[in-house]
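Start from the sequences, fold in the hints, and give me the full structure.
2 protein chains.
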Amino acid sequence: MKIVIIGTGHVATILGRKILAAGHEILQVFGRNRLYAEALAETLSTTYTTDKSHLDFSADIYIIAVSDTAIAEVAGALPLDKKLVVHTAGSVSKEVLKPCSRNYGVLYPLQSLRREMTVLPEIPFLVDGNTEDDRALIADFAGTLSNQVQYAGDEQRLKLHVAAVIVSNFSNHLYTLAQQFCMQEKVDFNMLLPLITAIAERLYQFSPFEVQTGPAIRRDEATIQKHLEVLQQHESLKELYIVFTKSIQSVH
Amino acid sequence: MKIVIIGTGHVATILGRKILAAGHEILQVFGRNRLYAEALAETLSTTYTTDKSHLDFSADIYIIAVSDTAIAEVAGALPLDKKLVVHTAGSVSKEVLKPCSRNYGVLYPLQSLRREMTVLPEIPFLVDGNTEDDRALIADFAGTLSNQVQYAGDEQRLKLHVAAVIVSNFSNHLYTLAQQFCMQEKVDFNMLLPLITAIAERLYQFSPFEVQTGPAIRRDEATIQKHLEVLQQHESLKELYIVFTKSIQSVH
Numbered sequence: 000m001k002i003v004i005i006g007t008g009h010v011a012t013i014l015g016r017k018i019l020a021a022g023h024e025i026l027q028v029f030g031r032n033r034l035y036a037e038a039l040a041e042t043l044s045t046t047y048t049t050d051k052s053h054l055d056f057s058a059d060i061y062i063i064a065v066s067d068t069a070i071a072e073v074a075g076a077l078p079l080d081k082k083l084v085v086h087t088a089g090s091v092s093k094e095v096l097k098p099c100s101r102n103y104g105v106l107y108p109l110q111s112l113r114r115e116m117t118v119l120p121e122i123p124f125l126v127d128g129n130t131e132d133d134r135a136l137i138a139d140f141a142g143t144l145s146n147q148v149q150y151a152g153d154e155q156r157l158k159l160h161v162a163a164v165i166v167s168n169f170s171n172h173l174y175t176l177a178q179q180f181c182m183q184e185k186v187d188f189n190m191l192l193p194l195i196t197a198i199a200e201r202l203y204q205f206s207p208f209e210v211q212t213g214p215a216i217r218r219d220e221a222t223i224q225k226h227l228e229v230l231q232q233h234e235s236l237k238e239l240y241i242v243f244t245k246s247i248q249s250v251h
Numbered sequence: 000m001k002i003v004i005i006g007t008g009h010v011a012t013i014l015g016r017k018i019l020a021a022g023h024e025i026l027q028v029f030g031r032n033r034l035y036a037e038a039l040a041e042t043l044s045t046t047y048t049t050d051k052s053h054l055d056f057s058a059d060i061y062i063i064a065v066s067d068t069a070i071a072e073v074a075g076a077l078p079l080d081k082k083l084v085v086h087t088a089g090s091v092s093k094e095v096l097k098p099c100s101r102n103y104g105v106l107y108p109l110q111s112l113r114r115e116m117t118v119l120p121e122i123p124f125l126v127d128g129n130t131e132d133d134r135a136l137i138a139d140f141a142g143t144l145s146n147q148v149q150y151a152g153d154e155q156r157l158k159l160h161v162a163a164v165i166v167s168n169f170s171n172h173l174y175t176l177a178q179q180f181c182m183q184e185k186v187d188f189n190m191l192l193p194l195i196t197a198i199a200e201r202l203y204q205f206s207p208f209e210v211q212t213g214p215a216i217r218r219d220e221a222t223i224q225k226h227l228e229v230l231q232q233h234e235s236l237k238e239l240y241i242v243f244t245k246s247i248q249s250v251h
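Protein chains in written order, with numbering that gives the first Met the number 0: chain A, 0 to 251; chain B, 0 to 251.
FYI, nobody ran anything at the bench for these hints, they're computed from the structure. Being a predicted model, the structure only gives us computed values, none of them experimental. One or more hints might be untrue.
To be verified - With a cut-off of at most 35 angstroms between alpha-carbon atoms, the simulated DSBU-like pairs for lysine-lysine come out as follows: (1) A:K185 <-> B:K97; (2) B:K225 <-> A:K81; (3) B:K237 <-> B:K225; (4) B:K245 <-> B:K225; (5) A:K185 <-> B:K245; (6) A:K17 <-> B:K225; (7) B:K225 <-> B:K97.
Spelled out as structure tokens, the structure:
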């Protein structure tokens with residue numbers, strides 16, 4: 000397929016590399032910032048433009064990978080007529096692309112994508128399209144990038160985006176708080192890394208509900224009290240400890 | 000080294016297998032429950048006893064791998080004189096072993112260990128001993144099982160145990176809540192697994208503080224409001240969503 004990528008951020012970069020690695024042709028990068036557009040075009044061995052009058056009109060799919068709030072604006076500014084155009088956002092309706100083209104949809108990567116990544120990660124995709132044909136075309140294209148592709152309408156995609164925020168942003172915040180605690184208490188956070196990855200990886204084998212452990216689920220009050228004493232000087236962590244202990248005990 | 004393992008649970012089982020795989024000799028398994036002791040002895044190709052008068056006294060190290068609350072009782076019931084005895088608990092002082100022997104310490108595995116594991120995980124160890132010689136001996140022994148071994152006194156070990164609870168039990172609880180949400184909302188939790196492992200694995204490369212993303216850190220109120228609406232029928236998740244959003248915004 001021939002692709003034009005609109006946007007130059009983390010998602011544009013990693014999707015672009017994934018698309019290239021799958022054997023597609025990236026015709027052009029379009030971005031507002033010349034330096035970013037030039038850098039991404041170089042990464043993807045293609046050309047770039049910052050001028051919408053120079054947009055390449057011969058692509059099969061136009062991928063708008065810009066920040067959530069900018070999608071509608073970009074779509075309004077780029078009349079693509081009947082060209083297939085998709086955005087990559089979890090919480091934005093596909094309908095914001097309506098002013099842009101008669102054929103539109105979504106290619107949402109359920110993954111944390113960072114420009115600096117050297118190894119391309121496995122990326123599950125949620126896809127959508129405003130006609131059955133577009134949906135099928137986007138799903139087929141996603142299938143060349145990943146073996147986990149599912150159809151999801153705006154509502155289902157939003158739900159999985161909420162769940163993604165919970166399991167990734169929130170757990171990453173737990174790691175941040177734990178690392179800050181370790182630094183302040185002069186113990187080595189890196190000793191926890193094998194544990195953290197083991198907890199994540201075992202989800203391929205066990206349901207998290209079944210493998211919950213720790214003082215909260217054991218209702219081990221002595222240990223919980225010891226831990227709260229240790230957290231005496233760490234108010235917000237102590238608060239979270241209490242919230243989680245209660246939540247674990249109410250779920251189990 | 001010649002080892003006797005006291006206890007038959009998850010930690011006893013996986014530590015036993017790890018010890019065997021490192022080329023040590025497990026002389027005996029001691030347990031109160033005959034069936035469990037027999038099963039573990041079979042796994043470890045050794046003998047077992049449930050009778051303390053039959054305890055093998057020729058081992059170099061006695062590893063007490065029982066529940067936190069049972070350690071003191073077991074230690075009191077097994078007079079091991081000058082034999083080196085260790086427990087495996089994060090939040091229990093080494094001093095509970097004093098009644099048991101003149102040489103005691105701790106071999107604490109900073110990992111989530113489950114009997115059912117087929118592949119033995121990487122296990123960082125925190126070690127301690129009541130004399131310098133014992134400490135060195137336990138550290139050397141741990142070094143045959145792992146390349147991440149650190150010395151930690153009771154207080155430091157307790158601190159890392161708190162941090163371990165936060166990064167493993169609490170993040171696993173987030174996964175549980177997200178899975179329940181996905182089941183109720185009929186979206187596929189398994190689509191999130193590559194994301195969850197990516198977030199964990201990137202800690203080897205980036206500090207979690209630097210790579211925090213999501214609507215909270217972007218202060219993206221529109222998305223946060225959409226997410227809270229989705230969580231309308233999920234009271235406790237909604238509460239956690241608000242707590243995390245505030246905490247992320249106050250840390251960053």
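Outcome of the hint check:
1. A:K185 <-> B:K97: holds, 28 angstroms
2. B:K225 <-> A:K81: holds, 30 angstroms
3. B:K237 <-> B:K225: Status holds; Cα separation ~12 angstroms.
4. B:K245 <-> B:K225: holds, 16 angstroms
5. A:K185 <-> B:K245: holds, 26 angstroms
6. A:K17 <-> B:K225: holds, 30 angstroms
7. B:K225 <-> B:K97: Given pair K225 of chain B, K97 of chain B is violated - Cα atoms ~58 angstroms apart, limit 35 angstroms.
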